[in-house]
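Just so you know, the sequences run in chain order A and B.
For the first sequence, the tail end lands on 966 under our numbering, and the numbers increase by one without skipping.
For the second sequence, the tail end lands on 1069 under our numbering, and the numbers increase by one without skipping.
Treat the hints with care, as some may be off.
So the derived label-pair ranges between C-beta atoms look like this [as the list claims (entries may be wrong)]:
no.: 1; chain 1: A; residue 1: Ala839; chain 2: B; residue 2: Asn692; range: 51 to 61 Å
no.: 2; chain 1: A; residue 1: Ala839; chain 2: B; residue 2: Trp687; range: 27 to 37 Å
no.: 3; chain 1: A; residue 1: Ile933; chain 2: B; residue 2: Gly929; range: 30 to 40 Å
no.: 4; chain 1: A; residue 1: Lys828; chain 2: B; residue 2: Leu917; range: 41 to 51 Å
no.: 5; chain 1: B; residue 1: Ile732; chain 2: A; residue 2: Ala839; range: 49 to 59 Å
no.: 6; chain 1: A; residue 1: Val893; chain 2: B; residue 2: Leu656; range: 24 to 34 Å
no.: 7; chain 1: A; residue 1: Ser948; chain 2: B; residue 2: Ser833; range: 17 to 27 Å
no.: 8; chain 1: B; residue 1: Lys915; chain 2: A; residue 2: Lys828; range: 53 to 63 Å
no.: 9; chain 1: A; residue 1: Gly890; chain 2: B; residue 2: Gly929; range: 30 to 40 Å
no.: 10; chain 1: A; residue 1: Phe779; chain 2: B; residue 2: Gly929; range: 34 to 44 Å
no.: 11; chain 1: A; residue 1: Val893; chain 2: B; residue 2: Leu740; range: 21 to 31 Å
no.: 12; chain 1: B; residue 1: Lys910; chain 2: A; residue 2: Ala839; range: 43 to 53 Å
no.: 13; chain 1: A; residue 1: Ala839; chain 2: B; residue 2: Ile752; range: 12 to 22 Å
Listed next, the in silico DSBU-like pairs over lysine-lysine satisfying Cα-Cα at most 35 Å (straight line) [as the list claims (entries may be wrong)]:
no.: 14; chain 1: B; residue 1: Lys798; chain 2: B; residue 2: Lys846
no.: 15; chain 1: B; residue 1: Lys646; chain 2: A; residue 2: Lys954
no.: 16; chain 1: B; residue 1: Lys915; chain 2: A; residue 2: Lys941
no.: 17; chain 1: B; residue 1: Lys879; chain 2: B; residue 2: Lys846
no.: 18; chain 1: A; residue 1: Lys828; chain 2: B; residue 2: Lys838
no.: 19; chain 1: A; residue 1: Lys787; chain 2: A; residue 2: Lys881
Hints in this document: simulated from the structure, not taken from any laboratory.
We put the CB at the ideal spot given by N, CA and C, even for glycine.
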Amino acid sequence: MIQSGVPQETLILLLMVPIIATFVAFSREIIGIKGFGIYTSLIIAFAFVATGLNYGMIIFISVLLAGTALRFILKRFRLLYLPRIALVLSGVTLLVFFMFLGGRYIGLADLLEISIFPILIIVILIEKFVAAQIERGNSVAVALTFQTLILATISYFIIKWSLLQTLVLDYPLYIFLGIIIINFILGKWTGLRVSEYFRFKEVLQHIDLSEKK
Amino acid sequence: MLEIFTKSQKILGINARNQEFIKPSHFKRARCVIDNKLLTKRILNKAGIPTSKVYGIIKKRSELNRFNWNTLPNSFALKPNRGLGGAGILIVYGRKKESPSPVWIKVDGKEITIPDLKNHILNILDGNFSLNSIPDVVFFEERIKILKLFKPYAWKGIPDIRIIVYGGMPVMAEFRLPTKESDGRANLHAGAIGVGIDMGSGITTNAILYQKLISFLPKKRLILRGIKIPYWSEILTMAVQSQIAANVNFLGVDIAIDREKGPVVLELNARPGLSIQIANLAPLRERLERIKGLKIKNLQKRVKLAQDLFGGEVEEELEEISGRRVIGICEPIEVIDIEGRKHSILVKIDTGAYRTTICQSLADKFGLTKTIRTKRVRGTLGNEERPIVDLSFILDNRLVSTEAFVANRIEMKFDIIVGRKDLKQFLVDPAKNVFMSEKVLEKIKEKRMIK
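Just chain B, with the same shape it has in the complex (with noise of 0.2 Å):
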């Protein structure tokens, strides 16, 4: 009990973001500046950080009557200045062609006339999108065209990383992908899909749909472990230039990839969202403690300090964070005879052969005498016919059902070598176990007089 007590004070609570991270420096400001989008672009400019750019605003409603809509490009996004969670935004991309008046395609799949437009726009200008009903300001933004690497992943809409910045250094970021539940909102809310990213590398870790942790893309079945987010250390640059900018302490910032200009701020968040936390499985309190008063002027250094303070040791999450076991050069397996019944044997691996190769001697011990095939091969002794075998081992504790060649190793110190068509699921360090293999094939002897 008193140890979760411990626990749960590393975690950001809302009470705790609320009182000790949003009050005290920019609550005043954040309000102002934040959650005017427009205000926000302007100052983001004048710093010299892309974003999108705006094609045109309304902001009365005798502007909307004199407004001509064939300014606006085939695709583009509508957006209340001051919505909230991504509500009432519209977006459209494409026009369609051959009509007197323009009609536009929403993400949907449906059309959108201009009435229909007219009607969501006076909505906004009403204000029922906006914070405490206030009347607001609609605008018309480029639509970010998706990187072609996001694009399986994501639902029409637009992928964007969520980075939280405190006091000059990034802490905790996220990948955030729009379904069509949300439809292609990137809002976590709206059924989003959250993806934790670590803050070394830009490889992304677990994954969270409503705040539960899930492996795959629903339906797609496309794991969302282990993408590397393209300009990692540029987006946490623009996302701590963007708070300083913004002269805001604490600061969510949603940065979206565009496939010709590169990585464009969309907008701040002044109350980040805190199911991060469970994307990223990690505290976020413990890290804004860690960082706290700390004071280093040079931005690259912070940015540095930031991913090598937050980021998973490599090597230890390289496994995790690929989904693939590291495995050494030399490798206990265990093949499986043709009565079922596992041999434990000590194998090479070798990247630099294509098929798994077994040895006649021990192929024909285990009963595994079956030819598929034979194929000819060429190798330093010449041209060879081999014969082909069904084989199945388990490496490192998975299991690899392959076709192996039968030849004769008698000679040869391994009576196995595996080769890179077996390899798939793994990676290769050949720093690995070279200590062992003496050791590994005394135990498979002792074993074997046992027997």
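Isolated chain A, as found in the complex (with noise of 0.2 Å):
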């Protein structure tokens, strides 16, 4: 496929997908790292190969304390959801476009290269974000934004990782296969999570095994 003209760089990131989608998916049931699911810590994964680490992190802390600084301020004004949320996002927009302006004035040269993509899917994310804080309530949010973040950090050193781009592109097959076997081991996963010992771990300190009775 490379010969035929498919740029190495698309080939590695398409192949990643699946493996990151594992990931998420074994921290959630293993682990019990919930964030906002798979799409969610996969787009911003990706998002931060195309715009680097560094920036995309700060795009995305200050686009999301700029969106919950909205919230707030258009609480007071009791509008309906999607008018509302529309505003978060024109807010937002704003804000990327003065980034873009003070990037340009203090001479952040590659700030202005990347791509709008990447920075478009983060401002829309907000969205999830807003509407989590609305739904689940501000602690339940924060904590789910912080594990989003956290999966989509760790999914960038994996997408970036070079021994696993050169496996991917080598062996793709053993790699689909290796996926296939442990996504349906933990499809069938019943134990606890990691995540719930520590949550029962006075249930577990009462279980007494002496069962002859």
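Now that you have both chains on their own, put them together as the hints suggest.
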């Protein structure tokens, strides 16, 4: 395929999708990191790959803070949901606009070279985070956002891992086979998640195994 | 390490709940029925199970505009039909008098007007509180009146009882108390308190707040252990009936107790929370495995069996549940003398006497001679004026500081009798310690000899 003109970079990114998806599934089922699910973690990780981790992180966090602040400002006007989210998105877009302007002023040339799509993705994902704040409460939303960010960052390093990149290119079939097996095991896993060992530690202490009564 | 792994297999985690207990039997049905509160009500009412009354339903924006607000009573609960985790529920407990357009008062004491209500209802209709943001229906429901017994424990809202039912048997129960943090909702994620309930007796055991064990109601210092839930077996039976009516294998049934109507089913939950295991300090998966495949036709028998299987052994747990120690008729105590030294002595527990009495000779020996006041008593031997002294002793590892009568008890077998005034921390079991009195006396004598 590479000889026929498909860029190597594209191929690697494509083949990384199932690996990252499996990683997110593993974190959820075995470790218990919830996050916002596969899609959000995956798309942020790929956005980070496109923007670079530093800029990606800066944009993500500032956009998130701005979105949250806007939500609190708009709260008192008691607007309906969709117009309110539209306003939040507009505000966030404005912020990104000024970031570009500021970047140009200071002379951060590489900020201006970032393609617009990853930034758009981050901006649009704000809806998800703000919706979580409204529906599930602030503390849950902060926890979920933080977990998603961690998952995305780890995913970023997985994608950038050169050993895995060559493996994926050389043996794509074996990787796929492995992924299928791992996901079947994950899908049938009924044991406790790592996080649940902590959650139920008092219960664990109270179980006595002496069943011979 | 291996031990922890074996233990962990008895706990129900999210994976096991979704894989083994929810999925096979009722995934689709649970989706249609349980997540739809109005349909649930209809099904339960058909089976003769009491639920709270519905005053009105709003399905579309046009219906909202035509809605006659004056049909609403002074207190009601407004709920989204497909709400998740108690989100979107608005409870109103009073209507402001002397205002031309209706103004209600919310649980937090703030006023709410028709425009506010309309805005909230529009949000619900748009699906902002429903699963997957599907447009939703709003209904007005009768507000349940809280039981006097529960009133000190709950903040504004109604405490409810969550029963996990599996295959026609109640498995585990939890008493859920709304708090200020949870905004009057009995939802544990929102900050409500969960209290485990002993399945056998319906008496509360351990309590949790945000998955952490607590023993008192925060700020109020009320003990959460030992509350007896009224209508206990009725509630269990009702939970099982609801599960059968809903025809869903694994279910959380939420039941509240109305002051006038008694137990009422609030809602059913297809994905009951797992922290109930912490509140009960008991693993759920083990219980579920034990009754898997069990087939008993008679409903009452099933409930009774579940109570026996999962209830604690009452005698053993009595102390733990009531927070009081069980003592016998003869108990060894340690009397603290005027210099703070401890003296072991065998005493008689006498619930027939009000005040503790100590023998004159013993009081002199311990230096407890300072009379606080005297009191006339009428006994079998006629009227007598008895002095009262300060007395401190340790009974069953608990310090009791009291005022005791001094009397001449030389003729009696016991030098001290402990009256009911000082027994409030204890439960007396006349069958306990009856054989050990002689031995204990001997031991005490031996100790004295050594000294």
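Do the hints match the structure? See the list:
Take Ala839 of chain A and Asn692 of chain B: their Cβ atoms lie about 38 Å apart, and the range 51 to 61 Å is violated. Against the hinted window of 27 to 37 Å, the Cβ-Cβ separation of Ala839 of chain A and Trp687 of chain B comes to about 31 Å, which satisfies the hint. For the pair Ile933 of chain A and Gly929 of chain B, the supplied restraint of 30 to 40 Å is violated, since their beta-carbon distance comes to about 47 Å. A hinted range of 41 to 51 Å holds for the C-beta pair Lys828 of chain A and Leu917 of chain B, which are about 50 Å apart.
The hint said 49 to 59 Å for the Cβ distance between Ile732 of chain B and Ala839 of chain A, and at roughly 27 Å that hint is violated. Look at Val893 of chain A against Leu656 of chain B: about 27 Å separates their beta carbons, and that is inside 24 to 34 Å. Between Ser948 of chain A and Ser833 of chain B the CB atoms are about 25 Å apart, so this pair conforms to the stated range of 17 to 27 Å. At about 56 Å, the CB distance of Lys915 of chain B to Lys828 of chain A agrees with the hint of 53 to 63 Å.
Hint check: Gly890 of chain A to Gly929 of chain B, Cβ distance near 35 Å, so the stated range 30 to 40 Å holds. At about 40 Å, the beta-carbon gap between Phe779 of chain A and Gly929 of chain B stays in the expected band of 34 to 44 Å. Range check, Val893 of chain A to Leu740 of chain B: Cβ separation about 25 Å, and the 21 to 31 Å hint holds. Evaluation of the 43 to 53 Å hint for Lys910 of chain B and Ala839 of chain A yields a pass: the beta carbon distance comes to about 51 Å.
Ala839 of chain A and Ile752 of chain B have their C-beta atoms about 20 Å apart, which keeps the hinted 12 to 22 Å range intact. With a CA separation close to 23 Å, the supplied pair Lys798 of chain B and Lys846 of chain B stays within the 35 Å bound. Restraint check for Lys646 of chain B and Lys954 of chain A: the C-alpha separation of about 33 Å stays at or below 35 Å, so the hint holds. Proposed proximity of Lys915 of chain B and Lys941 of chain A is supported: the alpha carbons are some 33 Å apart, at most 35 Å.
Distance restraint check for Lys879 of chain B and Lys846 of chain B: the Cα-Cα separation of roughly 18 Å lies within the 35 Å cut-off, and the hinted pair is therefore satisfied. Restraint check for Lys828 of chain A and Lys838 of chain B: satisfied, since their Cα atoms lie roughly 33 Å apart, inside the 35 Å limit. For the proposed pair Lys787 of chain A and Lys881 of chain A, the alpha carbon gap of about 14 Å is at most 35 Å, so the pair holds.
Comparing the model with each numbered hint stated earlier shows that hints 1, 3 and 5 do not hold.
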